[in-house]
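Chemist: Taking the hints into account, I'd like the entire structure generated from these sequences.
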Amino acid sequence: MSLAPEVLRLDRVGKRYPMGDVIVDALVDASFTLREGEAVAILGPSGSGKSTLMHLLGFLDSPSSGEILFEGRPVAVLTESQRARIRAEKIGFVFQAFNLLPRLSVRANVALPLAYHGSPPADAEDRVDRALELVGMSNRAHHKPGELSGGQRQRVAIARALVNEPRILLADEPTGNLDTKTAAAILDLFKELNRLGRTIVIVTHSPEIAGHFRRQLHVRDGLVTEGGVA
Amino acid sequence: MRRLLSGVGNGFAEIWGHKLRSLLTISCVMLGVASMVLTTGFMEGFFKNWEDSLQDQGGIEKIFASAQGVKERQEPFAAVSPGLTLADARALSELVTQAGVISPEIDATLPRLARAGKTFEGRRGARVMGVTNAILEINRYEIGSGRAFSDLDMHDDSEVIIIGSKVREALFASGEEPLGAFIDFNNRPFRVIGVLHNYERFWGTYNTLDWKNEIAFVPVTTMATKVQRSDRLSFLNLKAANISHLRETVDAATNVLAQQHRGIIDFNVRTNEEQLASFASTKASFVIGGGAIAGVSLLVSGIGIMNLMLASINERVREIGIRKAVGATPFNIFSQFVAEAVTLSLLGGAAGVAVAVALIKVLAATLPPGSTPLLSPSAFVVGFVFSVSAGVLAGIYPAIQAAKLDPIEALRYE
Numbered sequence: 001m002s003l004a005p006e007v008l009r010l011d012r013v014g015k016r017y018p019m020g021d022v023i024v025d026a027l028v029d030a031s032f033t034l035r036e037g038e039a040v041a042i043l044g045p046s047g048s049g050k051s052t053l054m055h056l057l058g059f060l061d062s063p064s065s066g067e068i069l070f071e072g073r074p075v076a077v078l079t080e081s082q083r084a085r086i087r088a089e090k091i092g093f094v095f096q097a098f099n100l101l102p103r104l105s106v107r108a109n110v111a112l113p114l115a116y117h118g119s120p121p122a123d124a125e126d127r128v129d130r131a132l133e134l135v136g137m138s139n140r141a142h143h144k145p146g147e148l149s150g151g152q153r154q155r156v157a158i159a160r161a162l163v164n165e166p167r168i169l170l171a172d173e174p175t176g177n178l179d180t181k182t183a184a185a186i187l188d189l190f191k192e193l194n195r196l197g198r199t200i201v202i203v204t205h206s207p208e209i210a211g212h213f214r215r216q217l218h219v220r221d222g223l224v225t226e227g228g229v230a
Numbered sequence: 001m002r003r004l005l006s007g008v009g010n011g012f013a014e015i016w017g018h019k020l021r022s023l024l025t026i027s028c029v030m031l032g033v034a035s036m037v038l039t040t041g042f043m044e045g046f047f048k049n050w051e052d053s054l055q056d057q058g059g060i061e062k063i064f065a066s067a068q069g070v071k072e073r074q075e076p077f078a079a080v081s082p083g084l085t086l087a088d089a090r091a092l093s094e095l096v097t098q099a100g101v102i103s104p105e106i107d108a109t110l111p112r113l114a115r116a117g118k119t120f121e122g123r124r125g126a127r128v129m130g131v132t133n134a135i136l137e138i139n140r141y142e143i144g145s146g147r148a149f150s151d152l153d154m155h156d157d158s159e160v161i162i163i164g165s166k167v168r169e170a171l172f173a174s175g176e177e178p179l180g181a182f183i184d185f186n187n188r189p190f191r192v193i194g195v196l197h198n199y200e201r202f203w204g205t206y207n208t209l210d211w212k213n214e215i216a217f218v219p220v221t222t223m224a225t226k227v228q229r230s231d232r233l234s235f236l237n238l239k240a241a242n243i244s245h246l247r248e249t250v251d252a253a254t255n256v257l258a259q260q261h262r263g264i265i266d267f268n269v270r271t272n273e274e275q276l277a278s279f280a281s282t283k284a285s286f287v288i289g290g291g292a293i294a295g296v297s298l299l300v301s302g303i304g305i306m307n308l309m310l311a312s313i314n315e316r317v318r319e320i321g322i323r324k325a326v327g328a329t330p331f332n333i334f335s336q337f338v339a340e341a342v343t344l345s346l347l348g349g350a351a352g353v354a355v356a357v358a359l360i361k362v363l364a365a366t367l368p369p370g371s372t373p374l375l376s377p378s379a380f381v382v383g384f385v386f387s388v389s390a391g392v393l394a395g396i397y398p399a400i401q402a403a404k405l406d407p408i409e410a411l412r413y414e
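Those protein sequences? They're chains A and B, same order as listed.
Take this note's numbering: the final residue in the first sequence is number 230, and no numbers are missing along the way.
Take this note's numbering: the final residue in the second sequence is number 414, and no numbers are missing along the way.
Misleading hints may appear alongside valid ones.
Calculated pairs, DSSO-like style, for lysine-lysine (alpha carbon to alpha carbon, straight line, at most 27 Å) [as the list claims (entries may be wrong)]:
(1) K181/A <-> K144/A
(2) K283/B <-> K48/B
(3) K404/B <-> K90/A
(4) K19/B <-> K144/A
(5) K191/A <-> K181/A
(6) K48/B <-> K361/B
Where chain B lies over chain A, by a calculated footprint (3+ residues, C-beta under 8 Å) [said to hold, decoys possible]:
(7) 75 to 85
(8) 93 to 99
(9) 106 to 119
(10) 126 to 135
Facing chain A, from chain B, some residues (calculated, C-beta under 7 Å) [to be verified]:
(11) G9
(12) A13
(13) E319
(14) A325
(15) V326
(16) T329
(17) I408
Think of the hints as simulated: they come from the structure by calculation, not from any bench.
Glycine residues also receive a C-beta, built at the ideal position from the N, C-alpha and C atoms.
Modeler: As structure tokens, then:
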């Protein structure tokens, strides 16, 4: 059986930073590979280093040691602008706090990543429509985020992450601010997206949520271990 | 271009989001630009006036020769010199070929102009001069109605007179025809053959050209033989035919006069050059002063914009983090903030130019002509450049700060 092409690979990646007088090892020798079409949950208690791991996966941060490869190429040699370009075109972020821009309409929020493409896609308008439709928010396109419920905001945020048709979707506690029912709907949306072929990484502290995903990576005290395939 | 437009759009949204704060900043730029355009306008009006009045005094081609006391060591011989006379004028016209026009002038002492019981008083009393037609060219007089002196007038020492508009106003009723009428000049009847143009240039309510209206001319020959009874001249003015030979013309005239006066230097030859030099140096110092004012206003509005941008960045740390997370490069962020600053300053600049134009129009309508500011196109260009550069300069530092923000810190920021 041939393996799907790899999207991200971490090779003995470590991250340490000073916190006051002590040096904290937020991540130690993390090595794993994310392949196309995978749905992975990164599970760990708060302070375990999973957010650090998330930031590293999206090149928002650089590792202190080891190497990260995106589509087989080392990220370390890229300039900040090149990394930003990859984020704009190939990576989608979803945050716990939604992080929509309150002044912009739903539509403008979803279109935001397209503005940062090297050459904006000709079908930009269609993409925004499709992304909004996919998350079921087409009828709210001209509202401001403040006029929406938490679940609706997270849907808009997911649409924003999808609009650039990314290779990989990174979600940091996407259901953390939502009630159980809404959270379940959002989880279903992620599973649906994965079924459509999207590579998805979800960071969570909840084993129950992690249980929805086939592959789990456990993070504890900066150490990453495969939690087996459920 | 697309990014720039979206940056400007963002700028408008930000301005709309913080109306009062933006209004204050825009007012800063507006006041700076308005005061600059207005100051420039006043300066241009002032210098235009000054330049015109220099021209009215004959421009820089004019050379003045006048009598003056001899130097101490020549005093014993002073009596040997005949002084400036009509003969000097003839000698100059024969010998100084570079002199285009030569105007011998006799200023009558205590002249009295009267007609039918009315006496001309004027602001500084009547001034009657014995002249040739050359004065019309050198001092830029035009005959409004009637004619200039003829050769026959000069030859016959005719008792004819050309009067300024104020003299006409004083001695004639408004409907009365002055041409052909007689007026008394020092109790001798002179026939009016011409009336000069009315000259006006107001400095406040004061007509700076009234000296050209409160004047009367008679032929210099008539003045010499019948009024003054000597051919001693008050002034002998020349006009250099070629401005680039001004120095040589002055030297030649000085030499001829010295020869005529048997080496007694009882005359003085000078030009408008000194006035012109003071004009140039005053203008230069005004330009420097204006530049300093512009610089200070630039600084003030720049500080206003920078303050606003820094405050706005502190409020928008999270937005910057989000934008970076979805793929904005540091340059994207940088240009967004610069575009916002430029939008602010451009709005201020446009408002400033509008305010200045309105003020200039109002002032032009209310102030007497002559002291009004001019609307100069250069002021608009300067105002525009000024506001854009204030925006760019003041926007750069905050924009760099914004571009340098660490996206993780920015996202964590609450």
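Chemist: Taking the hints in turn, state whether each one holds.
Modeler: Hint check results:
Between K181/A and K144/A the CA atoms are separated by roughly 23 Å; this keeps the pair inside 27 Å, and the hint holds. Between K283/B and K48/B the alpha-carbon distance is near 11 Å, which keeps this suggested pair within the 27 Å criterion. Restraint check for K404/B and K90/A: the C-alpha separation of about 23 Å stays at or below 27 Å, so the hint holds. For the given pair, K19/B sits about 19 Å from K144/A by alpha-carbon distance, which is consistent with the 27 Å threshold.
A hinted pair counts as satisfied when its Cα atoms are at most 27 Å apart, and K191/A with K181/A qualifies at roughly 15 Å. Between K48/B and K361/B, the direct Cα distance comes to roughly 18 Å. Compliance with the 27 Å bound is thereby established for this hinted pair. Coverage of a stretch by a chain is defined here by at least three residues with a beta carbon nearer than 8 Å to that chain's beta carbons; for the segment 75 to 85 of chain A and chain B the count is 4, and the condition holds. A stretch counts as covered by a chain when three or more of its residues have a beta carbon under 8 Å from one of that chain; for the segment 93 to 99 of chain A and chain B the count is 3, and the coverage holds.
Beta-carbon proximity to chain B at under 8 Å applies to 5 residues in the segment 106 to 119 of chain A; the threshold of 3 is reached and the given coverage holds. Counting residues of the segment 126 to 135 of chain A whose C-beta lies closer than 8 Å to any C-beta of chain B gives 0; at least three are required, and the coverage claim is violated. Interface hint at G9/B: violated, since its Cβ lies 10 Å from the closest Cβ of chain A, which is beyond the 7 Å cut-off. The restraint placing A13/B at the interface with chain A holds, with a minimum CB-CB distance near 6 Å, inside the 7 Å limit.
The closest approach between the C-beta of E319/B and any C-beta of chain A is roughly 6 Å, which is under the 7 Å cut-off, so the hint is satisfied. Hint status for A325/B relative to chain A: holds, with the closest Cβ pair at about 5 Å, below 7 Å. Taken as an interface hint, V326/B checks out: its beta carbon lies about 4 Å from the nearest beta carbon of chain A, inside 7 Å. For T329/B, the shortest C-beta to C-beta distance to chain A is roughly 4 Å, which falls under 7 Å, so the interface hint holds.
The interface hint given for I408/B is met, as the beta carbon of that residue sits about 5 Å from the closest beta carbon of chain A, less than 7 Å.
The structure fails to meet hints 10 and 11 from the earlier list, while all remaining hints are met.
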